[in-house]
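Taken in order, these protein sequences are the chains called A and B.
Just so we're aligned, residue 1 is where the first sequence starts under this note's numbering, counting upward by one.
Just so we're aligned, residue 1 is where the second sequence starts under this note's numbering, counting upward by one.
What the hints contain is simulated information worked out from the structure, not anything from laboratory work.
Among the hints, erroneous ones may be present.
Derived lysine-lysine pairs resembling BS3-like cross-links, with alpha carbons at most 25 Å apart [what the hints assert, rightly or not]:
{"id": "1", "chain 1": "B", "residue 1": "Lys-12", "chain 2": "B", "residue 2": "Lys-65"}
{"id": "2", "chain 1": "B", "residue 1": "Lys-53", "chain 2": "B", "residue 2": "Lys-9"}
{"id": "3", "chain 1": "B", "residue 1": "Lys-65", "chain 2": "A", "residue 2": "Lys-331"}
{"id": "4", "chain 1": "B", "residue 1": "Lys-12", "chain 2": "B", "residue 2": "Lys-53"}
{"id": "5", "chain 1": "B", "residue 1": "Lys-53", "chain 2": "A", "residue 2": "Lys-331"}
{"id": "6", "chain 1": "A", "residue 1": "Lys-234", "chain 2": "A", "residue 2": "Lys-250"}
{"id": "7", "chain 1": "A", "residue 1": "Lys-262", "chain 2": "A", "residue 2": "Lys-250"}
{"id": "8", "chain 1": "A", "residue 1": "Lys-262", "chain 2": "A", "residue 2": "Lys-234"}
{"id": "9", "chain 1": "A", "residue 1": "Lys-331", "chain 2": "B", "residue 2": "Lys-12"}
Across the chosen pairs, the derived CB separations fall in these ranges [claimed, not checked]:
{"id": "10", "chain 1": "A", "residue 1": "Cys-61", "chain 2": "B", "residue 2": "Ala-36", "range": "28 to 34 Å"}
{"id": "11", "chain 1": "A", "residue 1": "Thr-183", "chain 2": "B", "residue 2": "Pro-114", "range": "25 to 31 Å"}
{"id": "12", "chain 1": "A", "residue 1": "Leu-26", "chain 2": "B", "residue 2": "Ala-36", "range": "43 to 49 Å"}
{"id": "13", "chain 1": "B", "residue 1": "Pro-114", "chain 2": "A", "residue 2": "Asp-25", "range": "38 to 44 Å"}
{"id": "14", "chain 1": "A", "residue 1": "Arg-200", "chain 2": "B", "residue 2": "Pro-5", "range": "52 to 58 Å"}
{"id": "15", "chain 1": "B", "residue 1": "Asp-121", "chain 2": "A", "residue 2": "Ser-153", "range": "50 to 56 Å"}
{"id": "16", "chain 1": "B", "residue 1": "Asp-3", "chain 2": "A", "residue 2": "Arg-306", "range": "36 to 42 Å"}
{"id": "17", "chain 1": "B", "residue 1": "Leu-48", "chain 2": "A", "residue 2": "Gln-41", "range": "37 to 43 Å"}
{"id": "18", "chain 1": "A", "residue 1": "Arg-306", "chain 2": "B", "residue 2": "Ala-36", "range": "27 to 33 Å"}
Where is the CB? At the ideal position from N, CA and C, for every residue including glycine.
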Amino acid sequence: MPYIPHTPDDVAEMLAVIGAQRIEDLFEEIPSVLKTASLSQVPPALSEMEIGRLMAERAACDGRPLSFLGAGAYEHHIPAPVWAIATRGEFYSAYTPYQAEASQGTLQLIYEYQSMMCALTAMEVSNASLYDGASALAESCLMAVRANRATNSRRVLVPRSVNPTYLQVAQAIAGNQNIRFETVEFDRERGNTLVDALRRYDGSDVTALVVQQPNFFGVLEDVDELADWARANKALLIGVVNPTSLGILKPPGQWGRLVDGKHGADIVCGEGQPLGVPLSSGGPYFGFMTTRMQYVRQMPGRIVGRTLDTEGRPGFTLTLQAREQHIRRAKANSNICTNQGLTVTAATIYMSLLGAQGLARVADMSAARTQDLVAALTAIPGVRQTFSGQRFHEAVLTLDRPVAPVLAALAERGIFGGVDLSERFPELGHAMLVCATETKTEADIGGYASALGELLRLPLTARGAA
Amino acid sequence: MSDIPSDLKYTKSHEWVRPLPSNQVEIGITDHAQAALGDLVFVDVPELGRRLKAGEACAVVESVKAASDIYSPVDGTVVASNSALASSPELVNQAPYAGGWLIRIQVDAGAAAPSLLDAADYARLLADEAH
């Protein structure tokens, strides 16, 4: 699709047709108090050459760190064809075109993406994607309130083992819509959420229960028991999943016991970045969402469907648009119902190239690397594993001293050693979250272990134990 | 020319209201409304027992090109909804005053009588809107 800017003549012609003098006249109905008089904080424009230099300087600040960070965004190998294909001119756009059906290729790609997400999560229907994993959870909570007619409480239970950033985003987006988020404690020994912690809600009005698998600590939840609890208490189950892990873990559509021919999560969402999208300082990523067919009309965002044209030929079309904001305005299901076209393109190509077996290998190797990492690090005096629960490709480790100075010293050596949890989870003490994916070699893990070993051999007081 | 049965009452927002015994009413959308919306693909009715205020949005009818709210003409409680619409929303297009009814409401005792249009008034409203 070509990008065709409007010339001043085009603009004048269009204004003449509708009888407006200036573009500003089109915004007249917005009260002046709501308009900003100037954009003084926006710096003046730079030339292409200046911008290129500035960006090169900023990029150089990243260096080439050896990263053991996870906590929601994961460094995976991205096969070269993924972005070679995704950046072809035909695909290279962040958006679904406005005259959507004119772009059959784009629609077909989204249709294939939706089919893959349904297969991966074992759910019946997928939307065309959302902004990111955190906002997908917020949208899932809003959707659960619309979909669960059996309850009135608008109460959503969120275990503290769910990514705390996701909860923060969900509160920011959905908190003003009368949704009550209530947190549930995790088991301090195992690091996951036990059904016992939900017992005080037995028989009470709960709209939805959120379960993250693997959870924020990398520990596996007993998803079957939690799913059964939700079903028994008429709460919808929202599964937050890492798509890579679904290469080897039971898909959310199959969680829990079959009751009346039905089981599994009601809404599934998560962060799509691990599927072929680079870390790139935090974005753009994409969120995914799948659900049961019975809730499809409560799902935000757009869906591409396959149909036949008037001559009986197969084609693709945007469907269920009537609830989107360009038609429903303030009453739309969601007002952030766009999709992330470019990163979804990369993810679709990534999944096509890897296939189910490839994805399972990535998942297996990542889990094995993290196993090696935990073994190497916990062999160091002063490092122990925090939780005993089974894990996927992340683990919480407890140090014998404050984490922040240790991580800072590691960063000086070019190693991003983990995510400091002591502010979010003070009860865990000097805890950090570490991750190794298939991208980490034995030598990488050995290098990290020896650097950490050296740092921890220093007496506790020498390295700012403050 | 749209069908406007003389035994029903109407609202300005194109719902029809049929008085039933025991102070209940049945509501639906008019022939004019279904024609304007086009083929319906989904009807979202409220759960039984829901309390409604007159003028409150209580249901949604959705066609391929638009989704419109249905407003309760009275204060009351939802006592029945048309379950056939879940699988056959086209009933609203085919028989808006019969098989395509939406919900029945038990009107609150002592609620003020709603201001509704009779068939002649509603026909005039449509004529005015057409101009």
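Open item on the list: Flag every earlier hint the structure violates by its number, smallest first.
Closed with: Of the numbered hints given earlier, those the structure breaks are 10, 11, 12, 15, 17, listed in rising order.
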